[in-house]
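Colleague: As a plain string of letters, each chain reads:
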Amino acid sequence: MLAENASIFYGAFRAVADVTLPVHERQITAIIGPSGCGKSTLLRAFNRMNDLVQSARVEGKILLDGDNIYAPDVDAVAVRRRVGMVFQRPNPFPKPIYDNVAYGVRLGNPRIPKPELDAIVEQSLRGAALWDEVKDKLKESGTALSGGQQQRLCIARAIAVQPDVLLMDEPCSALDPIATIKIEELMQTLKERYTIMIVTHNMQQAARASDYTVMMMMRPDRAGEMIEFDQTEQIFTNPRDKRTEDYVSGRFG
Amino acid sequence: MQSNIISRKRNAKIGQAIMFASTAFALIALVALLLNVLNRSFGNVIVRREIEPSVLSPTPLEQLSRDELNALVKRIADSDDYDGLTRGAYRRLDSEKPFAERSQAEILTVINERLIKEEVVASFTLWQTLFEPASVNAELAKLNNARKAGMPEARVEFRSWVNARFFTQTMGSVAELSGIRTAILGSLAVIAMTMAIALPIGVGAAIYLEEYAKKNRLNDLIQTNITNLAGVPSIIYGMLGLFVFVRALESFTSGAVFGIAGNNGRTILSAGLTMALLVLPIIIINAQEAIRAVPNSLRQASYGLGATQWETIRDHVMPAALPGILTGTILAMSRAMGETAPMVVVGASTFIVSDPTGPFSKFTTLPIQIYNWTAQPDEQFRNIAAAAILVLLIILLSLNMIAILLRNKMRNTN
Chain F
6 MLAENASIFY
16 GAFRAVADVT
26 LPVHERQITA
36 IIGPSGCGKS
46 TLLRAFNRMN
56 DLVQSARVEG
66 KILLDGDNIY
76 APDVDAVAVR
86 RRVGMVFQRP
96 NPFPKPIYDN
106 VAYGVRLGNP
116 RIPKPELDAI
126 VEQSLRGAAL
136 WDEVKDKLKE
146 SGTALSGGQQ
156 QRLCIARAIA
166 VQPDVLLMDE
176 PCSALDPIAT
186 IKIEELMQTL
196 KERYTIMIVT
206 HNMQQAARAS
216 DYTVMMMMRP
226 DRAGEMIEFD
236 QTEQIFTNPR
246 DKRTEDYVSG
256 RFG
Chain E
793 MQSNIISRKR
803 NAKIGQAIMF
813 ASTAFALIAL
823 VALLLNVLNR
833 SFGNVIVRRE
843 IEPSVLSPTP
853 LEQLSRDELN
863 ALVKRIADSD
873 DYDGLTRGAY
883 RRLDSEKPFA
893 ERSQAEILTV
903 INERLIKEEV
913 VASFTLWQTL
923 FEPASVNAEL
933 AKLNNARKAG
943 MPEARVEFRS
953 WVNARFFTQT
963 MGSVAELSGI
973 RTAILGSLAV
983 IAMTMAIALP
993 IGVGAAIYLE
1003 EYAKKNRLND
1013 LIQTNITNLA
1023 GVPSIIYGML
1033 GLFVFVRALE
1043 SFTSGAVFGI
1053 AGNNGRTILS
1063 AGLTMALLVL
1073 PIIIINAQEA
1083 IRAVPNSLRQ
1093 ASYGLGATQW
1103 ETIRDHVMPA
1113 ALPGILTGTI
1123 LAMSRAMGET
1133 APMVVVGAST
1143 FIVSDPTGPF
1153 SKFTTLPIQI
1163 YNWTAQPDEQ
1173 FRNIAAAAIL
1183 VLLIILLSLN
1193 MIAILLRNKM
1203 RNTN
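Order-wise, the sequence lines are chains F and E.
Throughout, the working numbering is defined as the position within the first sequence, counted from one, plus 5.
Throughout, the working numbering is defined as the position within the second sequence, counted from one, plus 792.
No wet-lab data here; the hints were simulated from the structure.
There's no promise every hint is true.
[As the list claims (entries may be wrong)] For each label pair, taking beta carbons as the anchor points, the in silico distance ranges come out as:
{"id": "1", "chain 1": "E", "residue 1": "Y1004", "chain 2": "F", "residue 2": "S146", "range": "25 to 31 Å"}
{"id": "2", "chain 1": "E", "residue 1": "F817", "chain 2": "F", "residue 2": "N207", "range": "54 to 60 Å"}
{"id": "3", "chain 1": "F", "residue 1": "E138", "chain 2": "E", "residue 2": "Y1004", "range": "26 to 32 Å"}
{"id": "4", "chain 1": "F", "residue 1": "D70", "chain 2": "E", "residue 2": "Y1004", "range": "56 to 62 Å"}
Each residue gets a CB set at the ideal place from its N, CA and C atoms; glycine is no exception.
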């Protein structure tokens, strides 16, 4: 994916200004920056989740395989089938674990044969490193799982529809350190098949888990801008921008 | 420092006492209401008969078979001993409906009406029954002294005005023989009609307003007005129903359009439509609140998987909001159940003995029935009015209880 001069507005307010960002395929790109700088807004622009906010508007282009996902003839629903999303708080459906994973698949293919669907559910749960923990209780509600398991269920649900890109909006902020490590390990396996973008407040997480890092900052007019984009190692060891250095070393704010 | 804490604590105590008093006041009001209804629904009555059944037959009449009763009636008529059932009267009754074809209950009714003529001549409240038996006995003595020679003595009986017969009888000119069958069936029919109309429209409007409508002035105006409509006095809905459904759309609401002749517009359909308008704002507002209470994260999860808006509403929002919507619906139902004013205006029948047969039949409802009975001069009508109030209250309280149980169940599952 590629953002070209993308600006995101909420009504008259410009929340994100002029971001040009190449997202490398099958790599993990982390977005870091202080609160309110537009990280989540930028992330949500990549699968048109901002469309759900009535006043939101995107200028510039965001390309998926060379096609602008904001072109007039593109359907946001189609975009979201290809760009999945995992949210800050685990939000499984109050339905059985099986149905949680099968939901997206059934939408695309309502008459999918049961064995085929079973296979996809198992494969997705294995992909999210959750299969062994839930294989005996697929009929139990997804909301009965622990927080970390719920988040992995949400990942399984997202990858079940076989997207190209996975967006993760602070996926570990509601989890304990052990569940966090599990998700991070999972991300490393997932990146073999998916392009991943993750918003995080946790510097160590960005440093540990990502290949590329975007540093964002709020401008005086409160619009968020991208001040640096580079390989993660570079950002954390040898940033070009003073503000990045201050931020990643914890001297900021 | 120290004195400050003491005065603050004292203020807190005073506040607590005031709130306790408010709660107690509300409770007392509720208990008083119930006691008042119970007081009139049960109590002693003085029953007078013109002929004791034992004079007619040594075995109790209820134990006689149909044929034995028939023989008894024939024998009495042939003897010409009783003014109530002379030979001529027997022939007239037989030509109306041959005795051979009458059921046991029907023949018993004839015997009761013509011969025994059991009637309640005085009724007492539960309070008088329990705590002032002297007044009951005084009345009894007075009646017995004044009775005509040869008549059996009046007796005191305890009576629950809510009894099996009360539910199965239609209304009549004698209080103790009247029941709420027509009224209950009418109420049920009107409620069913109301819900069939108001539920789909109300829920549909709520979904539109919450999920689809954009935030703009027009929609704000609509929202405000729906909230206002919930506060419009019900009599005004009654007037609207009278002009629109009963009068203007009479050919539709009377069923004339469908080839059903002989009705006017004062039908169950008109009442249901009027009541639907009345409860619509309640259903919409409650459904909106239920839909609003569905966490946004659920919608986002669905959209994030590439579900359309309709799929999201159908698969996630509606199931999650359903208990709340049902709660609101039940509350709306109990409101409709108790409404009286619009039914008076729309034209519920004041006297009707036939069960409702369809959307185009005449009807009456429980509150109307109660209202009519309280306006009757005969004291016993006040007893059956109280009994009907008791039935209505029980229905309403059970509906509210179901609503509360549903709400609790919803809280537990989320």
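Colleague: Now tell me, hint by hint, if it's right for this structure.
Modeller: To see whether the hints hold, each was checked on the structure:
no.: 1; hint: Y1004(E) <-> S146(F): 25 to 31 Å; verdict: 29 Å, holds
no.: 2; hint: F817(E) <-> N207(F): 54 to 60 Å; verdict: 56 Å, holds
no.: 3; hint: E138(F) <-> Y1004(E): 26 to 32 Å; verdict: 39 Å, violated
no.: 4; hint: D70(F) <-> Y1004(E): 56 to 62 Å; verdict: 32 Å, violated
Comparing the model with each numbered hint stated earlier shows that hints 3, 4 do not hold.
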